[in-house]
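Input sequences plus hints: build the corresponding full structure.
The listed protein sequences correspond, in order, to chains A and B.
Per the numbering used here, the first sequence starts with residue 6, numbered consecutively.
Per the numbering used here, the second sequence starts with residue 6, numbered consecutively.
Fair warning: there could be bad hints in the mix.
When chains are identical, the list treats them as one kind, so a pair holds in a single copy or across two.
[Claimed, not checked] 30 Å max Cα-Cα, derived DSS-like pairs, lysine-lysine:
no. : residue 1 : residue 2
1   : 281       : 375
2   : 154       : 60
3   : 202       : 375
4   : 279       : 60
Everything labelled a hint here was simulated from the structure, so no lab data went into it.
There are 2 protein chains.
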Amino acid sequence: MEKAIVAEILTIGTELLLGHNIDTNSAYIGEQLAEAGIDVYWKTTVGDNEDRIAKALRLALARSEIVVCTGSLGPTEDDVTCRVIARVVGRPLILDQVVLESIRRRFAERGLTMSSNNERQALIPDGAIVLANPRGTAPGLFIRLGDGKVVVAMPGVPSEMRPMLREQVIPRLREGLGVRARIRSRILKTCGITESKLDEAVGDLARSAQNPTIALLAHAGEIHIRLTVKTESEAEGQRFLDDLEARLRERLGDLIFGRDEERLEEVLGRLLLKEKQTVAVAESCTGGLISHRLTNLPGSSAYFICGEVVYSNQAKERLVGVPHELISQYGAVSRPVALAMASGVREAAGTDLALGITGIAGPDGGTAEKPVGLIYIAMASKEGVHCREFRFLGDRDTNKLLASQVALDMLRRHLLSR
Amino acid sequence: MEKAIVAEILTIGTELLLGHNIDTNSAYIGEQLAEAGIDVYWKTTVGDNEDRIAKALRLALARSEIVVCTGSLGPTEDDVTCRVIARVVGRPLILDQVVLESIRRRFAERGLTMSSNNERQALIPDGAIVLANPRGTAPGLFIRLGDGKVVVAMPGVPSEMRPMLREQVIPRLREGLGVRARIRSRILKTCGITESKLDEAVGDLARSAQNPTIALLAHAGEIHIRLTVKTESEAEGQRFLDDLEARLRERLGDLIFGRDEERLEEVLGRLLLKEKQTVAVAESCTGGLISHRLTNLPGSSAYFICGEVVYSNQAKERLVGVPHELISQYGAVSRPVALAMASGVREAAGTDLALGITGIAGPDGGTAEKPVGLIYIAMASKEGVHCREFRFLGDRDTNKLLASQVALDMLRRHLLSR
Numbered sequence: 006m007e008k009a010i011v012a013e014i015l016t017i018g019t020e021l022l023l024g025h026n027i028d029t030n031s032a033y034i035g036e037q038l039a040e041a042g043i044d045v046y047w048k049t050t051v052g053d054n055e056d057r058i059a060k061a062l063r064l065a066l067a068r069s070e071i072v073v074c075t076g077s078l079g080p081t082e083d084d085v086t087c088r089v090i091a092r093v094v095g096r097p098l099i100l101d102q103v104v105l106e107s108i109r110r111r112f113a114e115r116g117l118t119m120s121s122n123n124e125r126q127a128l129i130p131d132g133a134i135v136l137a138n139p140r141g142t143a144p145g146l147f148i149r150l151g152d153g154k155v156v157v158a159m160p161g162v163p164s165e166m167r168p169m170l171r172e173q174v175i176p177r178l179r180e181g182l183g184v185r186a187r188i189r190s191r192i193l194k195t196c197g198i199t200e201s202k203l204d205e206a207v208g209d210l211a212r213s214a215q216n217p218t219i220a221l222l223a224h225a226g227e228i229h230i231r232l233t234v235k236t237e238s239e240a241e242g243q244r245f246l247d248d249l250e251a252r253l254r255e256r257l258g259d260l261i262f263g264r265d266e267e268r269l270e271e272v273l274g275r276l277l278l279k280e281k282q283t284v285a286v287a288e289s290c291t292g293g294l295i296s297h298r299l300t301n302l303p304g305s306s307a308y309f310i311c312g313e314v315v316y317s318n319q320a321k322e323r324l325v326g327v328p329h330e331l332i333s334q335y336g337a338v339s340r341p342v343a344l345a346m347a348s349g350v351r352e353a354a355g356t357d358l359a360l361g362i363t364g365i366a367g368p369d370g371g372t373a374e375k376p377v378g379l380i381y382i383a384m385a386s387k388e389g390v391h392c393r394e395f396r397f398l399g400d401r402d403t404n405k406l407l408a409s410q411v412a413l414d415m416l417r418r419h420l421l422s423r
Numbered sequence: 006m007e008k009a010i011v012a013e014i015l016t017i018g019t020e021l022l023l024g025h026n027i028d029t030n031s032a033y034i035g036e037q038l039a040e041a042g043i044d045v046y047w048k049t050t051v052g053d054n055e056d057r058i059a060k061a062l063r064l065a066l067a068r069s070e071i072v073v074c075t076g077s078l079g080p081t082e083d084d085v086t087c088r089v090i091a092r093v094v095g096r097p098l099i100l101d102q103v104v105l106e107s108i109r110r111r112f113a114e115r116g117l118t119m120s121s122n123n124e125r126q127a128l129i130p131d132g133a134i135v136l137a138n139p140r141g142t143a144p145g146l147f148i149r150l151g152d153g154k155v156v157v158a159m160p161g162v163p164s165e166m167r168p169m170l171r172e173q174v175i176p177r178l179r180e181g182l183g184v185r186a187r188i189r190s191r192i193l194k195t196c197g198i199t200e201s202k203l204d205e206a207v208g209d210l211a212r213s214a215q216n217p218t219i220a221l222l223a224h225a226g227e228i229h230i231r232l233t234v235k236t237e238s239e240a241e242g243q244r245f246l247d248d249l250e251a252r253l254r255e256r257l258g259d260l261i262f263g264r265d266e267e268r269l270e271e272v273l274g275r276l277l278l279k280e281k282q283t284v285a286v287a288e289s290c291t292g293g294l295i296s297h298r299l300t301n302l303p304g305s306s307a308y309f310i311c312g313e314v315v316y317s318n319q320a321k322e323r324l325v326g327v328p329h330e331l332i333s334q335y336g337a338v339s340r341p342v343a344l345a346m347a348s349g350v351r352e353a354a355g356t357d358l359a360l361g362i363t364g365i366a367g368p369d370g371g372t373a374e375k376p377v378g379l380i381y382i383a384m385a386s387k388e389g390v391h392c393r394e395f396r397f398l399g400d401r402d403t404n405k406l407l408a409s410q411v412a413l414d415m416l417r418r419h420l421l422s423r
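Structure (structure tokens):
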């Protein structure tokens, strides 16, 4: 087993501390390093302050082999990363003629004259490898220190940083450090089970599995199971993941709806296509969200016929034929109305399947008998129509989302059970 | 000048280091602390590793007065934050009966039985103030140490963390520390203008303004103007912001649609209520998104009557009365069909206003004559019906979003011009 190579990410910029920008760079860097087999244990953010950048860099070099910095490499006075790195690693700044020339050319091409501020970007710590930045003016730096440790500095603009990392930094790191192992991960997505029930069902695997490891991640309406494997061989990694996935599927069955980037509506769309089934939707409290999700997929016109957002009682009666008496007897939020909506829209649209959803998304409109979050979801097919009652505890947006999730999942399970 | 109070943010979770989740929490926390007049100099992220969480917490307590932690507070084995904090600050864990009872109640309300994993969430460091979490099971912690320093722990789920921070943490911090200077910011939201046009219109103010400062932030379909002011007096800060807002409004007029958290659909909803106007929508390529956005507001049933997602040609004919000949002559994606959809749904639903949207969201279905991104948006009122043509350049999701944005904005401008 090779020794673990640990990298640390240092993102620099006062705007990150103030929350004006969300730091997406460090997530990207972390992902790329992990895939290259390099572990990240620490991530630090400091503002454009020389003293704190220097402290953070020293600390990082003391506990990690690689330090990847981004930000504060631009042409303005408060872009200080390069100067601080030179000071901390004890290298003088030297004017790099190649860099100077390329900056000058970039300005000339755009018909601009170069300011002395931009000239400062050609001052490079002695012995640093300059990383070309075809998308901007600030070049990156790759510095190998006497003790074998590495300091990398890249600009903070994501469109400049990302290709520089992928094309120039990662290959140099892998080569220089002799890293061979790679990390691969796979996500299995579940819905219809709580996080703690899922932990009871597969927690023993999560605790015993070493390679791949298992982690549970909760999202609104779905819980993801992440499998992560570290191997040198691609084939071996895939086999480890396949084996573990098979064991999880054995326990969880169709609670697992998809893998990796797959969305629930996408899995459902494929099933509808495969089974040659069409669908229509009558929505009240979800207000169009279910139709929106069903039509997020290219080609959804093959199975999605129409959606009716029947918000008013009159619309429920006129558009999907809910009998007036049903609404006056049971109220618009009731099981009989959900059933009538599903049957009504199925008949009117002439589809194989249909959904009817009525409920109280909140925050207003709840009563003791019918509280906020009470939602009825009915599904109609040629076998008949049935309805489930839910009590969601979220805010309005969350309740709409959870109801849409359950409704789409009811269709999915119906199609799987055919 | 009062002494600066420095806070440090510690986000915990291996998924953050691996880049599987983007850390939006720390940006939100940084913003809220800055507005409360509390500086943040350091932000650290570590994985779910007890040893490194403890190291990071000790380091943070050595250099900052306040440490705000998020993440790893859930019910599973690898959620270790609470245990580590107790160890680092030297307080035993005690079973909190109130917390235990509230977790139990939450489960009972949903008809679920509580697992022993969830019971562990009621173990609280001695002397900690428990922060209620009405949106989830894991409570937060607020611990004041003997030396006056503060450790806060909150769950990592943003919808649980954000209100806890705003309502329970910030007020306690401000009170305890006697902070006076505050940063206030205000966001003015525009739509219907590009970032470069906006820069031309107000760039001189952005470059000259010192307090408040101005920054432009581009989002899908809207550009925000952020004004930021730092003052001790609430009244003075508000006056500075009001003055600058007035100057911006003078230049931009109704290009500014809202302020701060206001969403376009919310501004529109208020206008519809005020003008006592009702609306119906016939959507094809936006697939329900416009109805979804119009119903994201509590009380939207007062103005939103119905939405029809007429995806198939038959649905366009049957539900909103688009003449068959129009579709065969001009195609479903055409100006005449959009006009007929708007008029048809207005008549059928009996509303004051109506929208009709048809287009090609992509990525498939485009031709040389009718490319992906071509979208027609028609609006009908008692004055008549008109239609605008757009060519959006985004992917499917973005095109749907941009079309919904323009459509809602057409309604807004119509109501403003009445």
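Results for each hint:
1. In this homomeric assembly, residue 281 and residue 375 come within 30 Å of each other (Cα to Cα) only across copies, at 28 Å, whereas the closest approach inside a single copy is 38 Å.
2. In this homomeric assembly, residue 154 and residue 60 come within 30 Å of each other (Cα to Cα) both inside a single copy, at 17 Å, and across copies, at 22 Å.
3. For the homomeric pair residue 202 and residue 375, the shortest alpha-carbon distance inside one copy (27 Å) is at most 30 Å, but the shortest distance between copies (50 Å) is not.
4. Within a single copy, residue 279 and residue 60 get their C-alpha atoms no closer than 57 Å, and across copies no closer than 54 Å, so neither meets the 30 Å cut-off.
Consistency with the previously given hints fails for number 4 only.
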